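Chemist: Chains as they are written, first to last, in the numbering used here: chain A, 232 to 388; chain B, 55 to 265; chain C, 43 to 370.
Hints are computed from structural coordinates only; laboratory data are not their basis.
Predicted model, so just to flag it, every value in this text is computed and none were measured.
From the three backbone atoms N, C-alpha and C, an ideal C-beta is built for every residue, glycine too.
Errors might be hidden in some of the hints.
[What the hints assert, rightly or not] Chain B residues, not near chain C, derived (Cβ > 12 Å throughout): (1) L97; (2) V121; (3) R123; (4) L131; (5) E133; (6) R155; (7) V156; (8) I170; (9) Y171; (10) G174; (11) S179; (12) L182; (13) I197; (14) I235; (15) R247; (16) D258.
[Unchecked claim] Subject to a maximum C-alpha distance of 16 Å in a straight line, what follows is the list of computed EDC-like cross-link-like pairs (lysine to aspartate or glutamate): (17) C:K362 <-> C:E312; (18) A:K360 <-> A:D272; (19) C:K244 <-> B:E187; (20) C:K362 <-> C:D129; (21) B:K81 <-> B:E187; (22) A:K353 <-> C:D129; (23) B:K215 <-> B:D85; (24) B:K163 <-> C:D199; (25) B:K195 <-> B:D85; (26) A:K353 <-> C:D65; (27) C:K112 <-> C:E87.
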Amino acid sequence: MGLGLVLGLLGAGLAVFLAGTGSAIGVGLTGQAASGAVSEDPDMFAKSLILQIIPGTQGIYGFLIGFLTIQRLGFLGGGLASISVETGLSLLMACLPVGIVGLTSAIAQGKVTATGISLVAKRPEELAKAMIFAVMVEFYAILAFLVSFLMLQGVTI
Amino acid sequence: MEIKASPNRMQLLMLKRRLTMARRGHKLLKDKRDELMRRFMELIDRNRELRDEVFAQLNQVYQGFLVARGVMSPQMLEEAIMFPKERLALSAREENIMSVRVPRFEWQKEGEVGDIYPYGYAHTSAELDRAIEALSEVLPKMIELAALEKSAELMAEEIEKTRRRVNALEHVLIPRLEETIKFITMKLDETERATLTRLMKIKDMLQARGV
Amino acid sequence: MGQEGKYAYAVTRIRVLETRLLDRGKIDRMLDARDAASALRVLSETEYAEVMGELAEGERYEEILGAELKRVYQVVGSFSPDPDLIDLLRSRYDFQNIKVLLKAGHLGIDRDDLLVALGSIPPDRLKEMAAGDFVDLPPAYRQIVAEAQEEFKSTGDPQLIDLVIDRGMYDYLYTNARVDFLRGYFLRLIDLTNIKTAMRLKRSRAGVIRWAFLPHGSVDPRLLLEAVREPWDAFGPKFAATDYAAVVEEGLRQLEAKGTLTDYECLVDEYLLAYLRQAKYVAFGPEPILAYLLAKELEGRLVRLIMVGKINNLPKETIKERLCDVYA
């Protein structure tokens, strides 16, 4: 197992780790806000849940990129690929956008959804608007995901 | 109804003396009643004036308290005024108006330091100031009013008593005395006439016998 | 997660609680009520219902207000991440109770009925402390009490108890309000109270008392003293350069027109309310919690005013004049 392979694994790990951490923080924050709302008004549960899920998407993007990278490296059967250090580094680079942007955007989105729950608590009819605010953050996570995906596809093994 | 009296001259004289006295008493009492009435009317006028004044001021006091009550919690309001700054020493004495003993109050402020407000400014409504101020102004008047009201009450009682006496003299005692005197006078006249007739009869009888 | 993690739960919960504050509509309905009983019925449709229970008679509104505030402090205290700030707000009631105990002590009477159960120290405990000459009080309190006692003993003036404790209390509140928002609130309250005190001293010709003004204000005490001494014409312009120019000017105008400071008091409440409303834009922080509690206290005052008006059969317009805006 060469250094290239290790670098590729590092990339996959970072993609899952960073984006996942971000999502965990975001979902956790929103969860706290949600329990604050539900403790006073049980009807808030369904609406809170919708908002709570949104920061979770970054984790999924990270997971997808990580999964694809592992697949490219041949860990899922078919024998390990033998790759150069340069290719390994390229894979690592490809994983970084979704990892880093996933981390920051999930936290930022978590704040938006947490306050979104405050908004919905005050005006239950404004759920859609609260979601739109959260989705604005999602946009950048999607861009990062796309770039990571394209970069990954571009690396030839 | 007349007074039971044996119709003799002694009685008549006595009754006549009583009548004169009753008449004089009647006149005196009537004068007293009129004077009392005059004083009473004065008192009532002053009373009414003062009462209107006090009521107007109390109204202001209540309005101030009402607003203060509306914006402060009762605990805060009571705390603010629970420890009064001034103390009032009140002494009462009696005064004689036309033999009516009426009360007179005298008061003195004690423990005066600075101003009249016993509370801090941070948590009290400004309306409380006005209520306390108005109350402090109205208090001397209220004390005076209390004295006046009591005087008026006492004088009314005295007037009523005097009026009853005047009436009793005028409508009962004096007419009765007059009637009794008339009766005795008539009775005496009657006796005199009877005696005269008797004498004349005796004189006639003596002449007829040719004494 | 820092600030966000600390406050996400509490602030969202406060937002839900805020929806239950009396809004303009409810206040207007209470105003329109025929009598005290029907005004209370409006109140029983709100979150006050929880504490109203059997207390549905018109005259018992004070008990309802007391119970409601106690309930709210308990609820918010149970989840607030800053118990010290809640205690700071509660300390105002401690000082209130201390004043009662001090005065009752000097008069040799028992006024336990005036103690409120909203302080950070339970009234019974405070009473025990009073019996022991307050030596068990927290040091910050004790110093203030000692100063008040000393002043009273040397002059025999009960007003000094209030003045010294008020001063000490605002010093305590201001220096312990570690959050800028709360400190700013106290600062504005101190300033506006000082200006009101200046107006009151001037109006009553009470003479300027040492210690009538609260410390830490942004308005120079010398300016306040000058304002008291100089004629009314010069009063307003003195504060023209401060943030309170509009409030002072309008307050003075109403004072001249109606002879009461009621309007100024109302304007002050509204000014402070506008300040508290800034907390609505804070997503994670202690501000919404503090603003909610202070707004709740203000709401209690509005309800009291309406109830006092209704019980005394005041016309609706008279009550409305003194009625400030609501936070919700």
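Chemist: Look at each hint and say if it fits the structure.
Modeler: Hint by hint, here is what the structure shows:
no. : hint              : in the structure
1   : L97               : holds, 34 Å
2   : V121              : violated, 6 Å
3   : R123              : violated, 5 Å
4   : L131              : violated, 9 Å
5   : E133              : violated, 5 Å
6   : R155              : holds, 36 Å
7   : V156              : holds, 35 Å
8   : I170              : violated, 8 Å
9   : Y171              : violated, 6 Å
10  : G174              : violated, 3 Å
11  : S179              : violated, 7 Å
12  : L182              : violated, 9 Å
13  : I197              : holds, 23 Å
14  : I235              : holds, 69 Å
15  : R247              : holds, 85 Å
16  : D258              : holds, 101 Å
17  : C:K362 <-> C:E312 : holds, 14 Å
18  : A:K360 <-> A:D272 : violated, 20 Å
19  : C:K244 <-> B:E187 : holds, 14 Å
20  : C:K362 <-> C:D129 : violated, 33 Å
21  : B:K81 <-> B:E187  : violated, 52 Å
22  : A:K353 <-> C:D129 : violated, 27 Å
23  : B:K215 <-> B:D85  : holds, 14 Å
24  : B:K163 <-> C:D199 : holds, 15 Å
25  : B:K195 <-> B:D85  : violated, 32 Å
26  : A:K353 <-> C:D65  : holds, 13 Å
27  : C:K112 <-> C:E87  : violated, 19 Å
Of the numbered hints stated above, those contradicted by the structure are hints 2, 3, 4, 5, 8, 9, 10, 11, 12, 18, 20, 21, 22, 25 and 27, listed in ascending order.
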